[in-house]
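Protein chains in written order, with numbering that gives the first Met the number 0: chain A, 0 to 337; chain B, 0 to 337; chain C, 0 to 337; chain D, 0 to 337; chain E, 0 to 337; chain F, 0 to 337.
The set of hints was computed from the structure by calculation and includes no laboratory data.
Among these hints, one or two may not hold up.
Claimed, not checked - Just a sample of chain A residues kept apart from chain B, beta carbon distances all over 10 Å, derived:
id	residue
1	Ser28
2	Gly33
3	Asp58
4	Gln114
5	Ala142
6	Glu254
7	Gln269
8	Gly282
9	Tyr306
10	Leu327
11	Asn329
Claimed, not checked - Straight line, CA to CA, 35 Å or less: simulated DSBU-like cross-link-like pairs of lysine-lysine:
id	chain 1	residue 1	chain 2	residue 2
12	E	Lys160	E	Lys286
13	F	Lys334	C	Lys159
14	A	Lys172	B	Lys204
The beta carbon of each residue, even a glycine, is placed where N, CA and C say it ideally should be.
Protein chains: 6
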Amino acid sequence: MSQASIGDMLNDKAREQMISMSNNNKNISDLKAGEKTDGFYLIKSFEVKKTTNGKQYIDIDLVDKTGEINAKVWDYSKEIETIVAENSIVKVRGEVLEWNGTKQLKINKVRGKLQDDVIKINDLIPSAPIEPTEMLSEVKSYAKKIKDAEIKLLVENIMKKFNSKLIYYPAAKKNHHSYMGGLLYHTLRMLRSGEKLGQVYEYLKMDYVYAGVILHDICKIIEMDSDEYGVVSDYTMEGKLLGHIIQGIKEIEIEGDKIGLNREKSIILQHMVLSHHYEPEFGSPKKPMTPEAELLHFLDIIDARMYDFEHALDIVEPGQFSDKIWLLDNRNLYKPTE
Amino acid sequence: MSQASIGDMLNDKAREQMISMSNNNKNISDLKAGEKTDGFYLIKSFEVKKTTNGKQYIDIDLVDKTGEINAKVWDYSKEIETIVAENSIVKVRGEVLEWNGTKQLKINKVRGKLQDDVIKINDLIPSAPIEPTEMLSEVKSYAKKIKDAEIKLLVENIMKKFNSKLIYYPAAKKNHHSYMGGLLYHTLRMLRSGEKLGQVYEYLKMDYVYAGVILHDICKIIEMDSDEYGVVSDYTMEGKLLGHIIQGIKEIEIEGDKIGLNREKSIILQHMVLSHHYEPEFGSPKKPMTPEAELLHFLDIIDARMYDFEHALDIVEPGQFSDKIWLLDNRNLYKPTE
Amino acid sequence: MSQASIGDMLNDKAREQMISMSNNNKNISDLKAGEKTDGFYLIKSFEVKKTTNGKQYIDIDLVDKTGEINAKVWDYSKEIETIVAENSIVKVRGEVLEWNGTKQLKINKVRGKLQDDVIKINDLIPSAPIEPTEMLSEVKSYAKKIKDAEIKLLVENIMKKFNSKLIYYPAAKKNHHSYMGGLLYHTLRMLRSGEKLGQVYEYLKMDYVYAGVILHDICKIIEMDSDEYGVVSDYTMEGKLLGHIIQGIKEIEIEGDKIGLNREKSIILQHMVLSHHYEPEFGSPKKPMTPEAELLHFLDIIDARMYDFEHALDIVEPGQFSDKIWLLDNRNLYKPTE
Amino acid sequence: MSQASIGDMLNDKAREQMISMSNNNKNISDLKAGEKTDGFYLIKSFEVKKTTNGKQYIDIDLVDKTGEINAKVWDYSKEIETIVAENSIVKVRGEVLEWNGTKQLKINKVRGKLQDDVIKINDLIPSAPIEPTEMLSEVKSYAKKIKDAEIKLLVENIMKKFNSKLIYYPAAKKNHHSYMGGLLYHTLRMLRSGEKLGQVYEYLKMDYVYAGVILHDICKIIEMDSDEYGVVSDYTMEGKLLGHIIQGIKEIEIEGDKIGLNREKSIILQHMVLSHHYEPEFGSPKKPMTPEAELLHFLDIIDARMYDFEHALDIVEPGQFSDKIWLLDNRNLYKPTE
Amino acid sequence: MSQASIGDMLNDKAREQMISMSNNNKNISDLKAGEKTDGFYLIKSFEVKKTTNGKQYIDIDLVDKTGEINAKVWDYSKEIETIVAENSIVKVRGEVLEWNGTKQLKINKVRGKLQDDVIKINDLIPSAPIEPTEMLSEVKSYAKKIKDAEIKLLVENIMKKFNSKLIYYPAAKKNHHSYMGGLLYHTLRMLRSGEKLGQVYEYLKMDYVYAGVILHDICKIIEMDSDEYGVVSDYTMEGKLLGHIIQGIKEIEIEGDKIGLNREKSIILQHMVLSHHYEPEFGSPKKPMTPEAELLHFLDIIDARMYDFEHALDIVEPGQFSDKIWLLDNRNLYKPTE
Amino acid sequence: MSQASIGDMLNDKAREQMISMSNNNKNISDLKAGEKTDGFYLIKSFEVKKTTNGKQYIDIDLVDKTGEINAKVWDYSKEIETIVAENSIVKVRGEVLEWNGTKQLKINKVRGKLQDDVIKINDLIPSAPIEPTEMLSEVKSYAKKIKDAEIKLLVENIMKKFNSKLIYYPAAKKNHHSYMGGLLYHTLRMLRSGEKLGQVYEYLKMDYVYAGVILHDICKIIEMDSDEYGVVSDYTMEGKLLGHIIQGIKEIEIEGDKIGLNREKSIILQHMVLSHHYEPEFGSPKKPMTPEAELLHFLDIIDARMYDFEHALDIVEPGQFSDKIWLLDNRNLYKPTE
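Input sequences plus hints: build the corresponding full structure.
In structure tokens:
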């Protein structure tokens with residue numbers, strides 16, 4: 000029996016509580032073989048298995064915002080299975096072993112989160128550095144800057160439609176911004192950059208820039224299945240067969256029709272979504288044909304790259320190179336000494 | 000003053016007549032420098048110009064199914080301009096000159112088509128080798144073979160919508176099947192081949208094969224502007240910014256919604272349209288993920304290639320090679336001696 | 000001591016018997032850890048090894064048409080080694096264990112096939128779905144349809160030469176049709192499809208289509224070393240240094256010369272073999288220059304793809320996607336719900 | 000006898016005057032066949048030639064900021080040749096002819112610029128839209144923002160070295176910013192954009208951003224030979240054999256050494272110059288390994304593209320597409336109706 | 000009536016004579032518009048044509064080793080046509096005109112070569128810098144160095160077979176060594192280089208090196224149709240459909256069989272021919288798998304490149320760059336000042 | 000505690016001794032599971048670790064010229080740790096085990112090298128087949144052949160600068176010539192080949208050939224960190240950010256300036272270094288523009304390939320194929336039977 004999604008087991012109240020709790024765990028990435036640990040972690044999935052000699056044990060994958068570790072409860076009891084099955088967040092006590100270079104947690108004791116345990120959800124789950132509601136409100140303020148009433152209405156309608164999911168969706172299954180709130184954070188930084196560059200390249204039509212940014216990835220919400228912790232289990236059937244670019248185009252076509260959006264404007268926005276990956280082999284069969292579509296592509300790629308560089312260098316010492324970053328064509332990045 | 004489209008100037012009655020007329024022109028491709036000609040041609044476009052010393056003349060591009068020739072009426076008169084402006088089909092008398100290796104027709108006399116002139120439209124305009132109505136009826140008979148009621152209804156509705164244009168649209172601006180009725184002819188041969196291969200690969204779901212073939216290119220009708228002679232003046236604005244693949248997907252989405260088409264079926268058909276060009280650089284951001292989508296691609300390309308080979312070798316002597324065919328990666332094709 | 004090839008140890012009589020035997024094994028792909036099994040399998044290879052503490056044991060790879068499993072006889076005796084060494088097909092009794100996620104069979108008992116055991120060879124070895132002799136006879140009937148007497152003679156002579164191996168050769172070492180009789184099955188389906196498409200594209204010269212299909216891959220028989228169960232141990236020296244395309248061309252040149260085949264026809268057929276992989280990077284330095292050579296390529300690729308799709312989707316549930324298929328550019332294929 | 004460079008024939012005083020003169024020419028791009036013209040143009044080059052029957056004439060290429068036209072003085076006289084040879088700017092009177100679709104100016108009268116003629120140099124020569132001195136001073140103000148004293152000194156020293164040429168050099172022989180002052184204008188807009196994006200991606204080290212932008216293309220000044228009107232006659236020998244990227248790296252190495260620049264900083268700046276074209280096939284054998292190097296590339300390409308789009312759409316009517324733009328992979332750009 | 004091949008009209012005696020004649024023509028590449036010329040040239044082709052007003056004239060293409068010029072005899076007479084038709088080499092007197100930037104020779108007088116005219120064939124036809132017989136004898140001396148008796152016999156037999164054509168065949172229709180004796184010259188220099196490198200890389204089997212070099216291109220003789228002046232009119236039918244690599248492989252297979260050549264050696268030599276173009280897109284579906292095959296490729300390409308560089312720089316002044324060389328990826332080559 | 004570099008622990012005297020010692024070890028590549036060994040090996044690195052139950056042991060990586068093996072001293076004592084820490088070369092006695100298909104050496108006894116032990120350093124470390132001093136002297140003799148005094152001085156100065164490292168540096172971290180003295184050996188063989196080919200292509204300027212070869216890779220010495228045994232631990236910071244090509248160019252620029260080297264010559268040499276990898280994606284943004292630069296590339300690649308083929312085939316039996324060689328695009332090389 001495996002646990003499909005963390006979110007399924009928590010009611011809204013539980014989530015609120017968690018957010019207000021403080022946490023004093025050792026981070027998973029800091030666990031060292033030979034040491035003991037005693038703290039809170041999130042259960043990503045678990046399974047009851049048997050050893051070769053038929054003994055039952057519980058195999059659990061634990062996560063926090065710093066990483067993931069496999070753990071074992073060797074002394075199986077129905078009672079412990081129940082604790083594991085009924086709690087998303089557990090307090091475990093155990094010792095860290097190393098097996099063929101991989102760390103493993105031998106759990107000696109486990110209990111569910113109690114009323115008084117104080118844990119911050121952000122410590123257990125990787126997420127955007129700004130509060131979702133704050134991000135959403137700033138994105139909405141950009142939508143308000145759109146002067147063309149029709150385009151503004153279109154953008155607001157589509158945002159409204161996806162509102163509840165926008166608040167937590169990641170921007171990807173893996174890669175850049177693949178965490179809770181990542182889609183919103185990616186969109187927001189692109190809007191900020193777009194606004195700035197509009198001050199340098201003054202001939203740009205900012206209505207299209209803002210609308211294009213807000214709509215360009217919004218159908219990732221129907222391309223991927225994410226739980227409310229920003230963890231994507233898989234792509235949807237339509238996502239795999241068509242992809243968020245095609246889905247986004249249809250969205251604009253249909254929502255545009257509903258409000259009688261001028262056909263040319265609708266097509267221009269659809270074209271922006273269609274062309275924003277720029278290269279056919281990345282999913283854009285047409286290259287940008289308007290300056291705003293061209294800029295949209297660069298806003299998108301700059302935000303992804305600035306994210307990738309920042310995060311890859313986070314864990315590098317000054318004066319050192321990172322490991323090869325697959326996402327960046329296997330580059331070794333360099334962090335200057337000052 | 001140039002003549003945008005031949006079709007604009009002919010009423011339906013005139014078209015009917017023309018079809019029944021017999022023709023005894025010399026073919027344009029057979030005209031030789033030094034010879035005279037006296038026959039019927041179609042006016043593709045014309046313009047009144049001035050020579051360097053200020054004299055007016057009429058510059059006309061004439062076509063028939065075998066090619067195109069530039070012609071001049073040096074003795075301008077308002078009366079002749081009127082004849083040229085008011086007639087699509089004219090009888091001209093003149094002599095063929097050669098200028099830097101290019102033939103040119105010096106027109107001495109020109110008149111419009113009279114009531115009694117008997118001309119076959121197919122002699123003046125390149126077109127598919129089967130009667131449009133016959134093709135349309137055969138295509139419809141394939142639509143009838145679709146067993147799934149929803150899919151059949153979708154296909155028939157979309158065909159109905161484009162019915163009047165399907166009858167004459169070419170399959171391309173240039174390249175394969177770029178002539179009157181070409182889209183229908185291309186579709187029909189793919190249906191025939193699809194049916195045959197379905198007898199070899201029996202596990203194929205023929206409903207998707209037939210629906211996919213009929214719908215795969217149908218939005219070329221809204222991607223290109225063609226007159227009723229199958230001559231494409233240009234791509235449409237939406238055609239340029241999105242393309243017939245994207246347009247076709249939206250069509251299925253919207254028309255499917257109207258009839259409550261099962262969502263999975265709609266997505267599968269949209270996926271077939273999306274993937275039928277196979278390679279990203281040819282416009283398909285997704286590769287086929289169902290056997291029917293895979294086959295659709297090969298039906299499409301085989302029909303295009305069989306067309307290209309047939310036409311390129313038409314004008315080659317047995318035992319000889321063709322010139323380099325740009326469309327076929329500059330191959331020189333070979334025509335066996337027997 | 001390892002067993003090079005299954006076929007080496009079976010006389011013809013044994014093979015005949017096997018074909019008539021019925022089988023009630025559990026399929027290897029169905030074996031589950033913790034269960035017992037008792038049935039017939041084919042020995043792919045075996046080796047007597049020692050444990051770290053010096054004890055001898057027998058390591059055996061067993062196969063049936065559904066897959067392969069490693070097995071161990073821990074209680075070594077000279078007698079058991081003899082049984083394993085002298086039988087291709089054995090009846091084993093044992094239990095299935097799992098080791099680091101890989102299944103393994105612990106053999107408790109093993110005996111050779113007895114007179115009365117009834118086993119169908121097709122259950123033990125993957126093979127084409129049609130009887131080899133039936134396939135061969137249908138392929139020969141296509142050769143008979145060739146109207147040009149010289150070309151027909153060439154094709155029949157070459158088929159005769161390879162006759163005894165054609166009956167069991169696979170079409171590849173791995174990938175599509177890499178099973179017993181695969182070469183013949185691939186050829187046959189291409190002939191059927193070629194015949195059908197010849198009814199749509201009537202200008203094709205069917206003599207070249209049929210001869211091209213039959214000859215295009217026939218030198219795979221001298222490119223690869225296959226035992227009579229369709230298992231390819233390796234490519235031949237000439238196969239590696241030249242490849243079946245070059246070998247096929249030489250075959251036509253030499254066999255053509257022997258019967259005084261008209262030179263042009265010989266070159267056209269050689270060209271068809273040379274160009275049938277279409278792209279230089281897939282082994283064809285020339286692209287097809289005749290319509291029949293062009294079609295040959297598409298018949299070949301369609302048959303391979305229809306095979307790949309069918310087999311990949313065989314094990315997928317309706318409404319689900321397959322795993323990534325490496326052979327198909329890592330596509331996830333989709334199986335519609337109905 | 001041809002005129003190598005316009006700049007060779009003008010002293011500084013003449014240049015100053017020209018700048019203050021007003022101009023009432025018809026723009027070259029507006030000249031129409033059949034019309035007369037009477038105005039000031041710049042002589043790009045001229046040659047005395049002979050007609051087939053041996054008569055001398057003067058062949059002149061005239062330019063203004065809107066384009067170029069070939070002109071002929073059919074009535075040759077030594078006196079006219081002298082006028083043409085001794086003046087860069089001439090007043091011509093003549094009529095516009097058309098020859099095989101190309102316009103040509105038949106000059107009837109020609110004289111040099113007189114003391115009282117008032118012409119603005121910007122009307123005759125394409126140039127950046129901001130005054131060079133103003134641009135230079137803004138670029139210098141960015142150099143001043145560099146906090147690291149060593150890097151600031153390096154940047155200021157290199158700028159000083161190229162100061163006199165920076166004022167007029169174009170950014171390219173053709174393509175984007177290939178006009179007088181183009182290098183400075185390109186640099187300036189990148190600095191502005193870099194500053195803005197530094198406000199969004201706050202972790203960036205702005206010292207490297209500013210220094211990288213100012214230095215990235217500065218060695219175009221020794222890669223190309225430009226006259227002081229921003230017209231590049233050719234690349235230099237070193238420019239062709241090494242290119243401005245390699246030249247820029249050596250410049251930083253050597254100038255850095257002179258001031259004892261910290262070695263790591265020097266290498267990081269050299270790496271920024273080396274990697275700013277991003278792709279090996281565009282001249283960068285290394286990809287960016289620092290966030291500032293990564294951003295530099297995008298600042299560069301965005302400025303180029305925003306330039307290309309703006310200029311390509313300048314001459315397009317709203318609601319229309321541009322011609323194919325070779326520089327932009329043959330895209331047809333679209334100008335929205337509003 | 001056009002003249003297919005120069006060689007058709009000369010008997011062997013005439014050729015011998017020509018070779019001993021001295022020549023005092025102006026080179027075609029030195030002819031200047033406005034000058035007169037009086038000298039010997041070779042007729043490449045000619046045709047009797049008519050002017051627009053019906054007058055007959057003779058259009059002749061003349062060549063010498065430095066280039067080609069079109070010439071006209073405006074005063075047609077049957078007698079002059081006969082002179083032109085019956086002589087390959089003519090003495091012409093005329094004046095050089097220029098027409099749209101192209102030089103043309105107006106012939107005033109023309110006569111055939113007389114008994115006493117002394118002309119060196121090498122002045123009229125571009126050819127290798129060593130006497131053919133001398134080259135052939137050196138190539139044969141390398142064949143003699145092959146120690147393996149079978150391989151030596153194979154090489155000598157194949158050389159004998161092509162002996163008479165080897166003496167004059169070019170190595171290509173255009174590009175490197177596309178002149179009389181070019182194939183032999185290319186082969187010879189590769190043999191020399193191979194011998195030298197065999198002294199550095201001593202483990203190489205020189206038998207394969209020498210045999211591989213001699214055989215690698217020898218079937219260009221049956222791939223192309225060349226007249227005895229090294230001018231290739233076209234590729235042969237087999238050349239176009241298969242190419243000299245495939246032809247060479249078949250040659251080795253068949254000639255090897257005749258002398259009972261050890262099969263492994265035959266296959267290794269065939270593999271060398273097959274792989275010597277190295278890249279699939281240049282005609283080699285297999286890459287070299289032996290060191291000698293690997294070296295063969297580099298001997299081939301070095302000789303081609305050294306030829307291309309030498310000839311491109313021949314006409315460049317020291318300290319200057321060549322024009323873009325299409326054959327060398329549009330590089331501008333540089334000639335150092337000393 | 001790990002041992003960073005072998006060289007750090009040996010004084011020069013020790014090195015000399017080692018060179019004169021004879022060795023009678025079993026080669027590491029010959030060690031078989033179940034056997035005992037007793038011989039000298041080099042310690043590549045070691046670490047004191049703990050088993051899961053807390054017992055200390057020493058983990059050592061041993062190498063000789065044939066390969067590498069992991070060894071364990073299970074009975075830890077401070078004394079043994081000292082022996083391992085203080086000796087680079089140790090005599091070990093133990094037995095070979097096999098663990099999951101990997102061999103491991105269980106060490107029973109270990110001691111440092113004694114005064115009387117005679118070991119040849121070349122048996123312990125892979126290195127070039129010629130004595131370094133001999134190679135250096137031959138390379139210097141080529142430098143002496145340079146006739147241009149300035150270029151000769153430049154080459155000699157740069158060689159002097161890197162003299163002490165040239166003697167042992169490898170040509171690469173891995174791949175061809177990645178062993179002690181490999182850089183020198185690679186350079187030497189290219190000089191020999193260059194000299195030979197200069198005899199075939201006599202127009203080449205040998206000064207540039209010799210100087211180009213000697214300088215082309217010399218900055219690998221500052222691109223990589225190698226110990227004196229030719230083992231590269233990593234690339235340097237400048238090596239990663241710029242690479243040896245860019246470093247070599249700067250070296251020539253600066254050293255050239257010091258001796259007043261004629262600028263054109265300096266640029267030509269820099270261009271040779273810049274272009275010697277030939278393709279942008281291999282690090283050369285410019286293609287060779289002089290014949291000597293073109294040749295340099297081929298000398299380089301031929302030497303690398305002749306090395307790769309020789310070494311790959313070393314371990315192949317005649318008549319057999321090698322495994323796939325990743326470096327050679329996964330080719331299987333063939334070794335002829337004779």
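Open item on the list: Check the structure against each numbered hint from earlier and tell me which ones fail, lowest number first.
Closed with: 7 and 8
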